[in-house]
Structures are given as structure tokens and as C-alpha cells.
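Trainee: Could you put together the complete structure from these sequences and hints?
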Amino acid sequence: MVHLTAEEKSLVSSMWGKVNVDEVGGEALGRLLIVYPWTQRFFDSFGNLSTPDAVMSNAKVKAHGKKVLNSFSDGLKNLDNLKGTFAKLSELHCDKLHVDPENFKLLGNVLVCVLARHFGREFTPLAQAAYQKVVAGVANALAHKYH
Amino acid sequence: MVHFTAEEKAAVNSLWARVNVELVGGEVLGRLLVVYPWTQRFFDNFGNLSSESAIMGNPKVKAHGKKVLTSFGNAIKHMDDLKDTFAELSELHCDKLHVDPENFKLLGNMILIVLATHFSKEFTPQTQAAWQKLTTAVANALAHKYH
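Those protein sequences? They're chains E and R, same order as listed. Quick note: the first sequence uses the numbering used here, first residue 1, plus one each step. Quick note: the second sequence uses the numbering used here, first residue 1, plus one each step.
A couple of the hints might just be wrong.
Computed cross-link-like contacts, DSS-like style, restricted to lysine-lysine with a CA-CA straight-line distance of at most 25 Å [as the list claims (entries may be wrong)]:
#1 E/Lys60 <-> E/Lys133
#2 E/Lys88 <-> E/Lys133
#3 R/Lys66 <-> R/Lys105
#4 R/Lys66 <-> E/Lys105
#5 E/Lys88 <-> E/Lys60
#6 R/Lys9 <-> E/Lys133
#7 R/Lys105 <-> E/Lys62
#8 E/Lys66 <-> R/Lys66
#9 R/Lys9 <-> E/Lys67
#10 E/Lys133 <-> R/Lys105
#11 E/Lys60 <-> E/Lys9
Estimated spans, in silico, between C-beta atoms of each pair [what the hints assert, rightly or not]:
#12 E/Ser45 <-> R/Glu102: 34 to 40 Å
#13 R/Asp95 <-> E/Ser45: 46 to 52 Å
#14 E/Glu122 <-> R/Lys67: 27 to 33 Å
#15 R/Lys67 <-> E/Asp80: 39 to 45 Å
#16 E/Arg121 <-> R/Ser51: 28 to 34 Å
#17 R/Thr5 <-> E/Ala6: 45 to 51 Å
#18 E/Asp44 <-> R/Glu122: 30 to 36 Å
#19 E/Pro37 <-> R/Asp95: 31 to 37 Å
#20 R/Leu97 <-> E/Pro101: 41 to 47 Å
#21 R/Pro101 <-> E/Leu97: 36 to 42 Å
#22 R/Pro101 <-> E/Glu23: 32 to 38 Å
#23 R/Leu97 <-> E/Arg121: 28 to 34 Å
For the record, the hints were derived by calculation from the structure and aren't laboratory data. All C-beta atoms, glycine included, are put in the ideal place defined by N, C-alpha and C.
Mentor: This is the structure:
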């Protein structure tokens, strides 16, 4: 279970309130596919991923990024029960999608980078620390049902 | 050996030219100590590290951050030969400083995040990819002499 102090929870939700979840989702997923190109193997059916511009403007990448980040949003509403919240998705990623759970940490890191880029100075060390804790917690929850 | 394309080298160098090494170095090391508090164990004699503002304002943190990032600047001049460039530092971090090499990856991630906060427009996916490759390669080079 991830333990955030009251201050950290407040930092996370106040910042998240300013995030355009749909856009940031597409950007985070797109950057994952560019920065860690082997992750493209999970998205064979997405069409043209041949250049960074193709990836970032790909409609399926944007749509899936939006889906992923909306799911992350759910996690943020249930920080005291991430394992429960992500149990089904964990089983899906293990049994059907066969995704190495290391990739959840990579996506988490990319998301933190995207937030840093959007918020600049406002992404203080404490905000970063809080978000780093959250993405690690979500990554662990998503790996929890793996067998 | 890690191979950087001409584009990747150009992306790294063009951003590096705009980096204030003193400022960014201090911020990178400070954030490491805030976000991953266990890393403070390596800096026992740095004085007050008890809060975010204490860490970020600590003159020893700033000075050491500048030293670390200056060394990183050396890496950028020797991107084709990182293992040799960091051979002595690798031995130092293993034999004298006893630093778990996992921490080099954490510091590398910190560099990316600080660059993202400072250079939101220039921190394109391609630039992020090039810098991720570089920080990973430097982390590996620093771990190379470990035994």
C-alpha cells in the first residue's frame, strides 16, 4: 500500500485538477513508445509508429493514452487501495496482454517527465516526490496479480 | 558500446548549451535527496537536509551538484567512449564511496525531470529519448568497474 502524507495527497490532487487528462495521456504514451521503442511491440495494430511525429500524431496512440490515464485517475481517487483498484487490470496485463511489469515503471517515469514539462517550476521537488510515490504504487499494484 | 546517432548527439548538445550547470546541478542533486530520501545517507557531512527548503538551499548540495553535473558535461564530450571516461569514477564509487549503482539511474532520471521543468518547449520526445539514452549509458559506465 502506498503511504502519502496529507500534504502529499493535497499536492497530488491539486496538481491533477489542472491536468488535461486526455491530452497528457496521449503525450505520455507517445513518449513511452519513442523513448523506449521496444514498447511498440504491444501496439502492433496501431498503424504508423515509424517516426516520433507519426507516433505523437497517431490517433490510436492518443485514444489509448487517454484510456490509460483515465484509469490512472481512478487510482488517484483510491490511493489507500491501489491493489484493489487495479486487481482486474493486473490480471489482464499478465494473462491476456503479457506485458512485462517493468514497463509500468517506465510509463510512470515518462508520466512524471510529462508533468514536469507541463508545470515547470510549479513541479516542485515535493510535488515530484509525491507523484514518484504514486506512480511507483500504481506500478506495484498493476504487477500485484502477476504469476 | 552505446551508439548515438548524429541526431541524438545534436539533440543532447543543443540542450546542453543552454544549461546553467551550477543551477541545474544543484537542483538535480537536491531533488534526488528529496524524492529518494535514502540517498541522503551518502551525504552525512552536508549539514541540514531536514526539509525540502533546507536541501534545496544547502550550499554543499549546490556545490556537489555542480561538480556532478560538470562531470556529466564531460560525458557529453565523450559520448562514444563513456566506459573509459568514467572508469576512475566508477572505481571510486565502488571502492571508496560504496554507492549502489541503482542510484546512478535515479540521478539520471532526475536530470531528465529537471531538464523537462526548465525547457518545456525544447524537451521534445526525440530530445527526451536522446537524453534517456545518455543518462542510462552514463549510469552503466559508472557501474562498469564494480566488483
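Trainee: A separate judgement is required for each hint: does it hold in the structure or not?
Mentor: Now for the hints, and whether the structure bears them out:
Distance check on the hinted pair: E/Lys60 and E/Lys133 sit about 29 Å apart at the alpha-carbon level, beyond 25 Å; violated. Using a Cα cut-off of 25 Å, the hinted pair E/Lys88 and E/Lys133 holds, with the two alpha carbons roughly 22 Å apart. Taking the CA atoms of R/Lys66 and R/Lys105, the gap is near 18 Å; set against the 25 Å cutoff, the hint holds. Taken as a hint, the R/Lys66 and E/Lys105 pair is broken in the structure, with Cα atoms around 28 Å apart against an allowance of 25 Å.
Of the supplied pair hints, the one linking E/Lys88 and E/Lys60 holds, its CA atoms being roughly 23 Å apart against a limit of 25 Å. Between R/Lys9 and E/Lys133 the alpha-carbon distance is near 32 Å, which puts this suggested pair outside the 25 Å criterion. For the hint pairing R/Lys105 with E/Lys62, the CA-to-CA distance comes to about 29 Å; that exceeds 25 Å, so the pair is violated. Straight-line distance between C-alpha atoms of E/Lys66 and R/Lys66 comes to about 39 Å, which puts the hinted pair past the 25 Å bound.
Annotation: proposed proximity of R/Lys9 to E/Lys67 is violated, straight-line Cα distance about 34 Å (limit 25 Å). For the proposed pair E/Lys133 and R/Lys105, the alpha carbon gap of about 17 Å is at most 25 Å, so the pair holds. Between E/Lys60 and E/Lys9, the direct Cα distance comes to roughly 32 Å. Violation of the 25 Å bound is thereby established for this hinted pair. Checked against the hint of 34 to 40 Å, the pair E/Ser45 and R/Glu102 passes, with Cβ atoms roughly 35 Å apart.
The hint said 46 to 52 Å for the Cβ distance between R/Asp95 and E/Ser45, and at roughly 51 Å that hint holds. Distance hint check: the CB atoms of E/Glu122 and R/Lys67 are about 28 Å apart, consistent with the given range 27 to 33 Å. The hinted window of 39 to 45 Å between R/Lys67 and E/Asp80 holds, with their beta carbons roughly 41 Å apart. At about 18 Å, the beta-carbon gap between E/Arg121 and R/Ser51 misses the expected band of 28 to 34 Å.
Checked against the hint of 45 to 51 Å, the pair R/Thr5 and E/Ala6 passes, with Cβ atoms roughly 47 Å apart. Checking the proposed 30 to 36 Å range against E/Asp44 and R/Glu122 shows it holds: the Cβ atoms sit about 32 Å from each other. Between E/Pro37 and R/Asp95 the CB atoms are about 36 Å apart, so this pair conforms to the stated range of 31 to 37 Å. Hint check: R/Leu97 to E/Pro101, Cβ distance near 31 Å, so the stated range 41 to 47 Å is violated.
For the hinted restraint 36 to 42 Å between R/Pro101 and E/Leu97, the CB-CB distance of approximately 31 Å leaves it violated. For the pair R/Pro101 and E/Glu23, the beta carbons lie near 36 Å from each other, so the given range of 32 to 38 Å is met. R/Leu97 and E/Arg121 have their C-beta atoms about 32 Å apart, which keeps the hinted 28 to 34 Å range intact.
When held up to the earlier numbered hints, the structure conflicts with 1, 4, 6, 7, 8, 9, 11, 16, 20 and 21 and fits the remainder.
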